[in-house]
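Asks: Chains B and C: place on chain A using the hints.
Each chain, letter by letter, is given below.
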Amino acid sequence: MIRDVVCTFCGNACDDIEFEGEYGRNLCPVGEAKFAKKERLKAPMIDGREVSYEEAIERAAEILREAKRPLLFGWSSTVNEAIRLGVILAEKVGGIYDQCSSVCHAPTTLAMIEEGIVGGTLGQAKNRADVVVFWGCNPVEAHPRHPTRYSVMARGFLTRSRADRRVVVVDVRKTPTAYLATDFYMVEPGSDFMIFTALRSIVNGHEEAVPEKVGGLTREELKGLAEILMSAKYGLIFFGLGVTHSRGSERNVEAVIKLVQDLNRKTRFILQPMRGHFNVVGSGEVAAWEAGFEYAIDFSRGYARFSPGEFTAVEALIRGDCDAALIVASDPAAHFPRKAVERLKEIPVIQIDPHPNLTTKVANVVIPTAIVGVEAEGTIYRMDGVPLRVKKIRESEYPSDVEIIGKILEKVV
Amino acid sequence: MIEVVVITGRTTDQGMTIDEKLSEAYMKAVSFCEMNEKDMEKLGVKDGDRVLVRSELGEVVLYVRKPEMDLQPPEGLIFIPMGPYANRVVGALNGSGTPQYKGIKATVEKTDREVVPVQEILNF
Amino acid sequence: MSKSKVIHIKNGVVVDPAQGIEGEVMDVFVRDGKIVEESEAGKADEVIDARGMTVVPGGIDIHAHIAGPKVTAGRAMRPEDMKYARRKTGALRCAMGKVLMTCPAIGYEYARMGYTTAIEPATPALYAIHTHEELDSIPMVDKAVLPLFGNWHLTFRFAAENDVERMKAFIAWAIERSKGFGVKVVNPGGVEAWKYGRNVHSLNERIPGFDATPAEVLTTLMKASIELDLPHKVHVHCNNLGVPGSAETTAETIKLAAKVGESKDGRESLHITHIQFNAYTGEKWRDMGSGAEELAKLVNSSPVTVDIGQPIFGHTTTMTADGPFEFALHKLVKGKWINKDVEIETGGGIVPITYRAKSPVNAVQWAVGLEFGLLVDADKVVISTDYPNGGPFVEYPYIMTLLMSRKFREREIREKGVNSYIEKATSLPSLDVERTFYEIVKMTRSTPARILGLRAKGSLRIGADADITIYPFDCRNVSPEEYEVLLKGLRNAAYTIKDGEVVVRDGEIVKEIWGRTFWVNAKGVAREIIEEDLNEVFRYYTVSRGNYGVKKEWLRRAEEIAVDAC
Chain A
1 MIRDVVCTFC GNACDDIEFE GEYGRNLCPV GEAKFAKKER LKAPMIDGRE VSYEEAIERA
61 AEILREAKRP LLFGWSSTVN EAIRLGVILA EKVGGIYDQC SSVCHAPTTL AMIEEGIVGG
121 TLGQAKNRAD VVVFWGCNPV EAHPRHPTRY SVMARGFLTR SRADRRVVVV DVRKTPTAYL
181 ATDFYMVEPG SDFMIFTALR SIVNGHEEAV PEKVGGLTRE ELKGLAEILM SAKYGLIFFG
241 LGVTHSRGSE RNVEAVIKLV QDLNRKTRFI LQPMRGHFNV VGSGEVAAWE AGFEYAIDFS
301 RGYARFSPGE FTAVEALIRG DCDAALIVAS DPAAHFPRKA VERLKEIPVI QIDPHPNLTT
361 KVANVVIPTA IVGVEAEGTI YRMDGVPLRV KKIRESEYPS DVEIIGKILE KVV
Chain B
1 MIEVVVITGR TTDQGMTIDE KLSEAYMKAV SFCEMNEKDM EKLGVKDGDR VLVRSELGEV
61 VLYVRKPEMD LQPPEGLIFI PMGPYANRVV GALNGSGTPQ YKGIKATVEK TDREVVPVQE
121 ILNF
Chain C
1 MSKSKVIHIK NGVVVDPAQG IEGEVMDVFV RDGKIVEESE AGKADEVIDA RGMTVVPGGI
61 DIHAHIAGPK VTAGRAMRPE DMKYARRKTG ALRCAMGKVL MTCPAIGYEY ARMGYTTAIE
121 PATPALYAIH THEELDSIPM VDKAVLPLFG NWHLTFRFAA ENDVERMKAF IAWAIERSKG
181 FGVKVVNPGG VEAWKYGRNV HSLNERIPGF DATPAEVLTT LMKASIELDL PHKVHVHCNN
241 LGVPGSAETT AETIKLAAKV GESKDGRESL HITHIQFNAY TGEKWRDMGS GAEELAKLVN
301 SSPVTVDIGQ PIFGHTTTMT ADGPFEFALH KLVKGKWINK DVEIETGGGI VPITYRAKSP
361 VNAVQWAVGL EFGLLVDADK VVISTDYPNG GPFVEYPYIM TLLMSRKFRE REIREKGVNS
421 YIEKATSLPS LDVERTFYEI VKMTRSTPAR ILGLRAKGSL RIGADADITI YPFDCRNVSP
481 EEYEVLLKGL RNAAYTIKDG EVVVRDGEIV KEIWGRTFWV NAKGVAREII EEDLNEVFRY
541 YTVSRGNYGV KKEWLRRAEE IAVDAC
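Residue numbers (the working numbering), protein chains in the order written: chain A, 1 to 413; chain B, 1 to 124; chain C, 1 to 566.
Some hints here could point you the wrong way.
Label-pair ranges, simulated between beta-carbon atoms [what the hints assert, rightly or not]:
(1) Lys411(A) x Glu22(C): 52 to 58 Å
(2) Glu294(C) x Arg219(A): 35 to 41 Å
(3) Glu559(C) x Gly320(A): 47 to 53 Å
(4) Lys28(B) x Lys345(A): 22 to 28 Å
(5) Gly314(C) x Glu114(A): 19 to 25 Å
(6) Arg3(A) x Ser301(C): 51 to 57 Å
(7) Glu41(B) x Asn535(C): 19 to 25 Å
(8) Arg3(A) x Lys552(C): 18 to 24 Å
For lysine-lysine, the following DSS-like pairs were computed, each having C-alpha atoms within a straight-line distance of at most 27 Å [unchecked claim]:
(9) Lys258(A) x Lys83(C)
(10) Lys223(A) x Lys174(A)
(11) Lys174(A) x Lys38(B)
(12) Lys37(A) x Lys38(B)
(13) Lys258(A) x Lys334(C)
(14) Lys551(C) x Lys407(A)
Read the hints as simulated data drawn from the structure, not as lab findings. These numbers come from a predicted model, not from an experiment. Backbone N, C-alpha and C define an ideal beta-carbon position, used for all residues, glycine too.
The following block holds chain A by itself, in its conformation from the complex (with noise of 0.2 Å):
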């Protein structure tokens, strides 16, 4: 029996996994299938062809030593140690290196260089919050254990009941998350600032100043949320892509952050943004710690240049302002817009990854490596920041993103 197996799926981190053999007990659905096995990429492949390790890091090095700037790109999937060589590699290439917030919760980011985020690690919720919002979000669905682990069954110290703790549930659609809620309201799309910022004049004792109707709620509602809120002993709001991927994008981060501000000065109130992958943080904070910067990070001139909306892969690739590509734990082919694909298929791509996915369809190099938390193990970020150690649980003939990264990183330098 192996105990206290961190899942490496979501930013939930679960990490009281306990694995008999090849059975996991305490695994969500999407973490179960994580740990199942399933097609593997059999061998590295150079334009189809297999080759052996040697030769397909050979060709890596030799593409990007050759780009005049590639992107690296993806890391939010793998350990802090690949990701820190990852930087290391960009920053030696000459290149840009960019993360998956980039088209995930990147928005958070620049609204945290505006205003700061008032935050606090995931035992506030389950100890202290009597107030849980999820707004534009679905953690029922992308966020299996959340509400079990740490935010709405979750019990500790303060919060003895599930009477003591209200949860509300904001959405543009009932998703079944909605059906946790005590309190659900439905908005219109991309009225989140809007709504934000009505509730940040009922807040700060200006309900005048809100119309009779914001983004589908009445005044009424409005207050009655307000109000929600205002009464919370501990409030908690965590928030996902409604808010990131919608209209206005790192300004409704920021209205909330100011709500969050503003509820600060009558009761104790924090954020948490609801990261996506299992290691994204890290593949933030290690680039930001190695270059100052926690995405859209371009080398080309020798040192760090931060640049949202220039060197942010997708419109890096729109505008083909990169020559080639290596892509780390991540598939940008399936989760970017097309036009950014269009121009993946007309670069050089280097793929690093344990599964076939729709990036090895536009890859030249694909070099397979093991899988991190189940074959490898390393330093993984949850998605209120804190460290996990991930455990190699089942051997493996793969090599690990960490040796092939620094076998890369040695050739090029």
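Replies: Coordinates of chains B and C only, in the frame set by chain A:
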């Protein structure tokens, strides 16, 4: 044809098949859109039929799925699971670096065209 | 990793307060990373002719926030600070950041300044894995980290019961788990109070939800640390930091240490960090003044040591575990604000700040720091800026020069336009004290080494680690009026030697190396006595107990300091 707003996002099925993107199971998980039954009536489609979704960014053929009564999106809103099908019609750039994957205006009409298999979805 | 390298340093002017050497021309011999007798050195691989130069031990930074989640959050929030490129990539890494810096930049800048050891003074034990990852990404220096105890639920429980035995077991457990070096306390009780939207304002007030008071927390931790014989005793950021009237709380805190008394080896029982921030008199900002003179006298006659926390005029970022203080600062300066409440352990906040010479408050703060630097016994005070809270650590040479030269102080007051309110509110303008170079070397080398209990550091005695700085001037021949010479020389070491390797020549890094991480293993303490307490408290955590902690194999070069107290 109706006008809608498209949102995209995660689902459990999509998450469960995310490491098997070239499989039938993944295709089933990401090649549909959820609609309100009233909108389906307007289009004359039923569960399992196909629709053509078109936006400024492109077009894609998807299956239609009607969620249980309670979980239908409101009229005028359709939900497509995140993935290569959705990304043919969403992902508008706004200069911030993060594409707009939700809240994209589109049109929906019934179609006889086939849903492209996932192994070929990048070929268009 | 270290070759058998032999270095002879000849003809240098040696200043080594730990051995009482006050500027004598003598040779120093290095072999295998240690300082050795000439007879043991053998044939030199390199001979450094240090004629006309001053040879001192490598500098020790006792308190600088250089690693951990809070530092990285600050970086991420401030691309406007990070975008300053100090060096491009080449044989070394690119180094970014003006005040906040990337890890490579931090290591390089310490080495260029002749500093060879740095202590990260605050990590939540829960985040220790992250803090060590960052420490291991900082090249050049030896390091250690202090985990935070002052707002941990178990600390409150044991303090309330005055249970020194269980507190010892808890400290031993926590510093082993976090691979930490000692006991850090920040605003004891206040950060827990902040989780209810409050703060604590007196040492004798009950901490919300618990029976303990801040005084009890500090006293029990001090007693436990002394009994454990920890190399470094309790390191405290006092309650009521950063407000008028804080001087009183600090005085009371010092009195608590006086009650506990000295430790077994005759060393002090409490280190008060960045005392400048806790040394204001007055009731409101309008009548805020300096309490430094009184406090310095009290420090000199009590079993406490301090580091300054000197503010530097300009932009910087405050970051501390003092959550409620950062909230108050956010409201005061209307700045962007990061807050992080950490499980049942601690918290923290980050707010950018600018110290302006023309602001009466900032001017007083600046003066207060210098007053401490001038008035506290050189054996009891260490130079620091509480980086980045007061300002960049690269400004230590600036502080050293200010303390050595009255003329430089007068020039700075004049040229920077320091608000004349300091004439009324502080004693600085009338202080003609000029610290000697010998005292400055104490305040940056032998004193921090003594306070930290790092016996192989801060000295050039035989057997010490070969961490050596050679400054490009003869300290005997530079008068305080020649402050330009001092400042320039202190900023760019002629040589920095780390672990017996030359890593800096003429202010340039010539070799990148990786230092050790010191951690304390307080063995011989019965940890079973807190087993139940730990199991109980882990029910409230969101990580499992089996995943809590750092394995020494994960560190680059972990060096265990075993302490076996009964």
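Asks: All hints are to be evaluated individually against the structure, with a verdict given for each.
Replies: Against the structure, the hints:
Evaluation of the 52 to 58 Å hint for Lys411(A) and Glu22(C) yields a pass: the beta carbon distance comes to about 54 Å. Roughly 57 Å separates the CB atoms of Glu294(C) and Arg219(A), a value that falls outside the hinted 35 to 41 Å. Distance hint for Glu559(C) and Gly320(A): a CB-CB separation of about 51 Å, consistent with the stated range 47 to 53 Å. Under the hint 22 to 28 Å, the C-beta atoms of Lys28(B) and Lys345(A), about 25 Å apart, fit the expected range.
The supplied range of 19 to 25 Å is met by Gly314(C) and Glu114(A), whose beta-carbon atoms lie about 22 Å from each other. Look at Arg3(A) against Ser301(C): about 54 Å separates their beta carbons, and that is inside 51 to 57 Å. Between Glu41(B) and Asn535(C) the beta carbon distance is about 59 Å. The supplied range of 19 to 25 Å is therefore violated. Taking the beta carbon of each, Arg3(A) and Lys552(C) are about 21 Å apart, inside 18 to 24 Å as hinted.
Only pairs whose Cα atoms come within 27 Å are accepted, and Lys258(A) paired with Lys83(C) is accepted, the gap being roughly 26 Å. Straight-line distance between C-alpha atoms of Lys223(A) and Lys174(A) comes to about 21 Å, which keeps the hinted pair within the 27 Å bound. Distance hint between Lys174(A) and Lys38(B) is fulfilled; the C-alpha atoms sit about 16 Å from each other, no more than 27 Å. Between Lys37(A) and Lys38(B) the alpha-carbon distance is near 42 Å, which puts this suggested pair outside the 27 Å criterion.
Under the criterion of a C-alpha separation no larger than 27 Å, the hint pairing Lys258(A) with Lys334(C) is consistent with the structure, at around 12 Å. The hinted pair formed by Lys551(C) and Lys407(A) meets the criterion: a straight-line CA distance of about 26 Å does not exceed 27 Å.
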